[in-house]
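K.L.:
Line by line, the protein sequences give chains C and R.
The first sequence begins at 1 in this note's numbering and counts up one residue at a time.
The second sequence begins at 1494 in this note's numbering and counts up one residue at a time.
Since the hints were derived computationally from the structure, they do not count as laboratory data.
No experiment lies behind these values; they were computed from the predicted model shown.
Keep in mind that a hint or two might mislead.
Said to hold, decoys possible - So these bits of chain C aren't anywhere near chain R, every CB distance computed over 12 angstroms: (1) R141; (2) L298; (3) K347; (4) L360; (5) N401; (6) I404; (7) Q929; (8) V1076; (9) V1140; (10) D1271; (11) P1272; (12) R1308.
Said to hold, decoys possible - Simulated coverage check for chain C against chain R, where a stretch passes if three residues somewhere in it have a Cβ under 8 angstroms from a Cβ of chain R: (13) 454-464; (14) 715-726; (15) 753-762; (16) 805-818; (17) 1185-1197.
No residue lacks a Cβ here, since even glycine has one placed at the ideal position from N, Cα and C.
Residues per chain are reported as follows:
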Amino acid sequence: MQREPAAAEEPGCPGGRRRRRRRRRRPGDGRTRVVRSNLLPPPGVEDPAAGAAKGARRRRRGGAQRLADNRLKTTKYTLLSFLPKNLFEQFHRLANVYFVFIALLNFVPAVNAFQPGLALAPVLFILAVTAFKDLWEDYSRHRSDHEINHLGCLVFSREEKQYVNRFWKEIRVGDFVRLRCNEIIPADILLLSSSDPDGLCHIETANLDGETNLKRRQVVRGFSELVSEFNPLMFTSVIECEKPNNDLTRFRGCIIHDNGKKAGLYKENLLLRGCTIRNTEAVVGIVIYAGHETKALLNNSGPRYKRSQLERQMNCDVLWCVLLLICMSLFSAVGHGLWVQRYQEKKSLFDVPESDGSSLSPVTAAVYSFLTMIIILQVLIPISLYVSIEIVKVCQVYFINQDIELYDEETDSQLQCRALNITEDLGQIQYIFSDKTGTLTENKMVFRRCTVSGIEYSHDANAQRLARYQEADSEEEEAVSKGGSLPQRGSIGSHQSVRIMHRSQSTKSHRRTGSRAEAKWASMLSKHTAFSSPMEKDITPDPKLFEKVSECDRCLAIARHQEHPLAHLSPELSDVFDFFIALTICNTVVVTSPDQPRQKVRVRFEVKSPVKTIEDFLRRFSPSRLTSGCSSIGSLATNKATHKSGSNFLSTLSNDRTLLKLEEKLSQPTKAIASNGYSSGAKEKEQEWELRYEAESPDEAALVYAARAYNCALVDRLHDQVSVELPHLGRLTFELLHILGFDSIRKRMSVVIRHPLTDEINVYTKGADSVVMDLLLPCSSDDARGRHQKKIRSKTQNYLNLYAVEGLRTLCIAKRVLSKEEYACWLQSHLEAESSLDNREELLFQSAIRLETNLHLLGATGIEDRLQDGVPETIAKLRQAGLQIWVLTGDKQETAINIAYACKLLDHDEEVITLNAESQEACAALLDQCLHYVKSKSPCSTPQKTEGNVSVGFSPLCPPSTSTTSGPSPSLVIDGRSLAYALDKNLEDKFLFLAKQCRSVLCCRSTPLQKSMVVKLVRSKLKAMTLAIGDGANDVSMIQVADVGVGISGQEGMQAVMASDFAVPRFRYLERLLIVHGHWCYSRLANMVLYFFYKNTMFVGLLFWFQFYCGFSASAMIDQWYLIFFNLLFSSLPQLVTGVLDKDVPADVLLTAPQLYKSGQNMEEYRPRTFWLNMADAAFQSLVCFFIPYLAYYDSDTDVFTWGTPITAIALFTFLLHLGIETKTWTWLNWIACGFSILLFFTVALIYNASCATCYPPSNPYWTMQTLLGDPVFYLTCLIAPVAALLPRLFFKAVQGNLFPTQLQLGRQLAKRSPKKLIAPKETFAQGHLLGEPRTESSEQRSIKTSGPLSQDCTSQASWHVQQPACSPEASGEPNVVDMNMPLREDILLEELSGQAPGSVPREAILEGCSGASKMKPTSTSRTAPLSSIFNLPNFSSLNWISSFSLVSGLGSILQFSRNSLQMDKQDSEFLPSPPQPDQDLCGLSGQTTDYF
Amino acid sequence: MTWSAAARGAHQPDNTAFTQQRLPAWQPLLSASIALPLFFCAGLAFIGLGLGLFYSSNGIKELEYDYTGTAGTGGCSACALADRGRAPPPPCSCAWHFSLAELFPGPVYLYYELTNFYQNNRRYSVSRDDAQLSGLPSALRHPANECAPYQRRASGLPIAPCGAIANSLFNDSFSLWHRRRAGGPYVEVPLDRTGIAWWTDCHVKFRNPPLVNGSLALAFHGTAPPPNWPRPVYALSPDPNNTGFVNQDFVVWMRTAALPTFRKLYARIRQGNYSAGLPRGSYVVNITYNYPVRAFGGRKLVVLSNISWMGGKNPFLGIAYLAVGSLCILVGFVMLVVYIRYQDQNDEDEDEE
């Protein structure tokens, strides 16, 4: 009450103000907005009845304050402004300016090369296409705006003295709006009245942030007490608040009543535009912000524009092309100057003087020539390049969106591409930064175990329950993967016990309604409860604890009317009781109950939306049907079937009220089944079952559901009281004094309540253990009680650590009993803080800290957050693909590490470097130490390592890509504090250096800011492509900083998605997104860009060579039409089709051999060298394509254009053939595009050449094409020139493909050879059972082939390990050393051998006998882990493969008669200087090789 | 199965071959098994074609004579010297004597060839007015600006035909004489001066302006010939069908050559006794030497040639086909070797492990 709001001096303030304090802010700084009722006369206007003046007044006021009205206008253009504005925007693109400039050059007669109008055509075409696209987009925006603007709502009308229907766009600031349940809020509205007796209103913010739980809003203080209905006419107060801003989580202001009293306004009072009113019959509010000033719209920034790396590189090459163009033109200009000089003075017959008869000076001629050359050679910078790239990217985005493999059935959501122009960046990612919670894990919090008062309750039954879900999940996946085998399950179920049946059913219902499918349901059915899947709800209580709780309950029920009921409990029981009370009430969970509506809320029938009951109905309905043997549906048995059909059936009827009755009937029989065997107290259950908890965070929900499992159920929550129901004690109503909400700095929340049994004021605090443990009441070790407490604490701490090791999220629950005085004292300051306007948050924070001290520890909980499906596999794949994965999490170190182990980010066999430093110096020292350690053991410094891999800078370092195949690189774990030190300027290099050598990095306890700093650091220092993936608001900064931001569209709101470039439903989709689509996008675009450059250079080359034969006069033998439209029409379609559809390697090969992804990381397809090679090839081809026609027509009577047209045709054929060589997959679309191109060219040429005899000067190609078509030489040159031009490329490709195939080519060959065998291995991957598989599977063959090229690498590395065993003992001690390819190859080779030479079969047998392990071979390349588990005797394993290795080579030498010893690999010859004799004892041989080492 | 379609989620992508990028595709791999036959077949085909081309080109007979008049080559050197210095060179004639031991098979074409003459130079090649040449009366009076400085005479009269190309019309003329036996009389070989231009050129592109009073000269009244022309355009030939803009020499000249060395057809020999070709005997080509080329280092040639199905004599295409064909074969062999060794090595690699 002390701080005066700022606006007293605002011009619009009414004068009836007495108390004016000194201002804290400078007056007139315009940081506040003053809102008054529009129904009131403006200050100073005496006549209140001036109805006519109202509009004018409004306008005036609007003018004075410039308040936006509620009209939504997202369009950029109006009809009039479209053309200039759009052109202006288009000319921001430099390329457009360039092309227009060149087109305009044609209007200068002295330099024009083409008909000016014609030259403008392509530019205009491009501009028109873009403009049309913009127009269309703008029009659709306009339409949606129109729709929104014409939504209706009730606005209080001054004239009619009642609420009337108005359009949204007519709403103005200061209007009173009445909203009913399920209406969407049209503007930012200050809540003044609610039909709820407590002045509450619930809103759903799904439209805003995607969160589907209900948020509570409160009527402004002072208005909630009104007894009668709110009358807007009586509203005379003035509202002062902030200027419009985009902070959704903040709203501050105050309302000044007539009597000068004021009350603070907070975000709890504000209803945001776009949200939906729920659970509240009607509310009335005054509009504070309207239209574009609403927070929702201010938050709505347009799509982001990012430039991909490839595009940056391409732009650089475009500059090279410009340079080339200028060079060519300059060369030509000089040449022309000399030519003019030479022939002018000789009065050549072909020399044309100036128009006035004077002779042209060579210099002028050169300048003219230069400009004309630029016009003619303009195709070097392809006008269609940018357009084509955009088209290709749009198509790529379309295909990514359409990929059914990226479609998540549960949520019915597919991958969204929010950024349209960085698809190819997906193929070049080197570092992945991942959030943990919600990204790697499900963010589905399940109460797992707890410890109370130092005693641990392990909840074994609960663990079993969770395990069953897991099991069932995989079961179901299996079933799904089997496709048609679903009915089988029904038949099994029919003759098995009901229990099993039920289990599978509960799983199904879990997967159906309980999983994220709910999210979809919610939007479909408009209402739902988050975090309430059966898995999260049906907690199986620990019997011991349950017993204790019951005991408390009974005791208290008996003692409740005595003086100190709690005193009758032992301290332990008292703690147990408090613990559960705290679990139940220390949260912000809202209770909604469909069957027992709060009578105050549910006055009208709509309030209780039928939707929820439908959902309920469904959940119960389907199991009951199935268990009751309803054969018709039961036989279908696939839960999808029932679910989906049910949903369809229901959705058609969704509003049908008969359904409600149906539900009533059905709920009876189902209940017994629904409250399955886990629940004990069936009587209470029945009632509780109906309670639904709307929690803001999944942890809260988990705890409340846990408490309910112990019959301590939260049954009601009002803003000032919480009711808890216990079986014996009945309903306990706690007076809720305060809620100190959770924030990420305090990491805890508290509630202050008055205990109904003891009448004491209690504070219950729930928070992160690290924080809460420090806030406990220091206990003296003198007395027994203190010692006991200490013991409890240390025990609890132990259990906490244990939980963390298990990967559970831990929370500590503590309590404090406040005396009346303490409370009064605190209350005083707290109220001050609450009512302050300026730094309210700060003060509240302080106040909370004052309260949350001297706590008494009650217990701790462990909440499990399960890993998402497929996370370990995805991480393994991504790692194989050469990606380095960093996990940045806010969780505590132990939890993070355990999750990391669970998702195979860390391996138990590898070392983990943990960096926990308390100070800057310590951190520096630690870093040094670690670096030293890593360097000493890292084998990277030896030159062998770098071979075969193009590393990025840092020669002594292992390129990240090798780290997977090379020996053990440690993992780094660093906590938030150390990270802060390590990110310091002078340590960051060391940190990076260290992190770079680590296989994986785990940053715990990191703040959002640190996350983004880490990403930024890696991005800028290592010049690496980074991808950040996360799901929550805390990942937003990281997502924005990274090159590619990926959001998980999960439960934690939409903020991450909003900030992201791509949104995936689950983490595992990242694998396909990167490895398949990323690779494709990159390779397609890279190849297309290269092809573009090639094409234009080649075409320009033709013109340039001609200059040598026309006196460098910038004359062109190619007709202007062909020149101008060649790029745009004739040759554009095939490359577009290839750019969109070409698949260099099929998806399944990419997925089975993720190593192929490295080509994108290393920029193999498009790097400067390839660019220049490409250009050189283009130059060569243009030479061939120019000189073959030149020589063929040399010394003949051909004219310029009759000669130039074949050249054009040759160029076209060459382009298409070149594209043909580059195209890896030919679909009918490619054929059609090529055919279309040729057809189009000839058609256009024929029509053009026949159309006008005297037009198109200077070429005037009348009947040229027709004549040519009758000329055999035309065909002959068209045949030979492209072939001759492409021969070198073809030759090179063929030789290189056979001799030095790249990984990609091998992948392609592989796919070609065994296209059908690719499906089989997938299952082995999924199963993970690799051992002892019979070799009947054809997958080995395939995987061997892939590993072929790799194995060269492997052998070198492996041999290295063997050669320097002393140097790296760890290396040989690590199973990872043995590259998985080796045993594989051996395996296959054996197979091949046996196939090739029947005589070798016994040898194989011997071999197997010798090396016992050779039977146990992994059958796929990608399994490292099982490999390591097989070969846990590393020495043995390495020896094993080496021996078999040499054996096989021995065999090979026999089989290959024409052996050339030079062909042997170097390292092989080191092992085996001479091939062993065929008859040599193979066992002895292996022994011999063993002796080697 | 009815539910499956209906039960699809609203956002589920279509599972079609196109959207899932599963279109059936042909994946050509440049593996040896494909590349080797390809190279060999292409090579053989090219060599075959090349041989055919080479022989058919070799079957073409060609006689050419450089009559530029560089020091001491026949009688034309005098003319060449004579033209030096004066703008309208005085008429001069010289001759080229040659004899044929056997029949020069027909149809025989008489070409003139110019070298180092940049008809394709940009400022030259644009200097024409196609509208005027198509006989448009308005364009006749108002030549296009591109013709400048040969647009109008200093007197203001429009030039017809305007432009630099027309102005530099080749104006040497040739006549061919045949003597059957030594000492016999020379008989003039009839030269067919029509049908040397493209049919479309003299019938569509080039038209005379409408006759005025039945007279072409009157139609051109009020225009001036190009400065270099000794006579007006309507007097190019006595043949009324071959004069004016449709004069075939003119039309041929106006089709600007692609390269600085070019031939243009002068006449065809296909009449009378000479329809089968030039019989043996001695011949003389009388040349009216007008056209000055020595100043810019050009040369003038007169060429007698017959043609085959593929046009005039040009051994290049045949050679090119032969070369590319043999290159293909060579490449094929290299690949074969590579392939064999690669296979070898491959097996070895596999064996060694």
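K.L.:
Taking the hints in turn, state whether each one holds.
P.N.:
Here's how the hints hold up against the structure:
No beta-carbon of chain R comes within 12 angstroms of the beta-carbon of R141/C; the shortest separation is about 22 angstroms. Residue-level check passed: L298/C sits 29 angstroms from the nearest beta carbon of chain R, beyond 12 angstroms. Listed as a non-interface residue, K347/C fails to keep its Cβ farther than 12 angstroms from every Cβ of chain R; the least gap is roughly 6 angstroms. Once the 12 angstroms rule is applied to beta carbons, L360/C is inconsistent with being away from chain R; the minimum gap is 8 angstroms.
Non-interface call for N401/C relative to chain R: violated, since the shortest CB-CB distance, roughly 7 angstroms, does not exceed 12 angstroms. Listed as a non-interface residue, I404/C fails to keep its Cβ farther than 12 angstroms from every Cβ of chain R; the least gap is roughly 5 angstroms. Separation of Q929/C from chain R is adequate, the least Cβ-Cβ distance of about 41 angstroms exceeding the 12 angstroms criterion. Listed as outside the interface, V1076/C is inconsistent with that label: its C-beta sits roughly 9 angstroms from the nearest C-beta of chain R, within the 12 angstroms cut-off.
Not every C-beta of chain R lies more than 12 angstroms from that of V1140/C, the closest at about 9 angstroms, which undercuts listing it as non-interface. A Cβ of chain R approaches the Cβ of D1271/C within 12 angstroms, the least distance being about 7 angstroms, so the stated non-interface status is violated. Residue placement check: P1272/C does not keep its beta carbon more than 12 angstroms from all beta carbons of chain R (closest about 5 angstroms). With a cut of 12 angstroms on Cβ distances, R1308/C falls inside the contact zone with chain R, its closest approach being about 6 angstroms.
Evaluation of the coverage hint for the segment 454-464 of chain C: breached, as 0 residues show C-beta separations to chain R shorter than 8 angstroms, against a requirement of three. Counting residues of the segment 715-726 of chain C whose CB lies closer than 8 angstroms to any CB of chain R gives 0, so the stated coverage by that chain is violated, three being the minimum. A stretch counts as covered by a chain when three or more of its residues have a beta carbon under 8 angstroms from one of that chain; for the segment 753-762 of chain C and chain R the count is 0, and the coverage is violated. Residues of the segment 805-818 of chain C with a Cβ under 8 angstroms from some Cβ of chain R number 0, which does not satisfy the need for three, so the listed coverage is violated.
With 9 residues having a beta carbon nearer than 8 angstroms to a beta carbon of chain R, the segment 1185-1197 of chain C meets the requirement of three or more and the stated coverage holds.
Violated hints, in rising order: 3, 4, 5, 6, 8, 9, 10, 11, 12, 13, 14, 15 and 16; the structure is consistent with all others.
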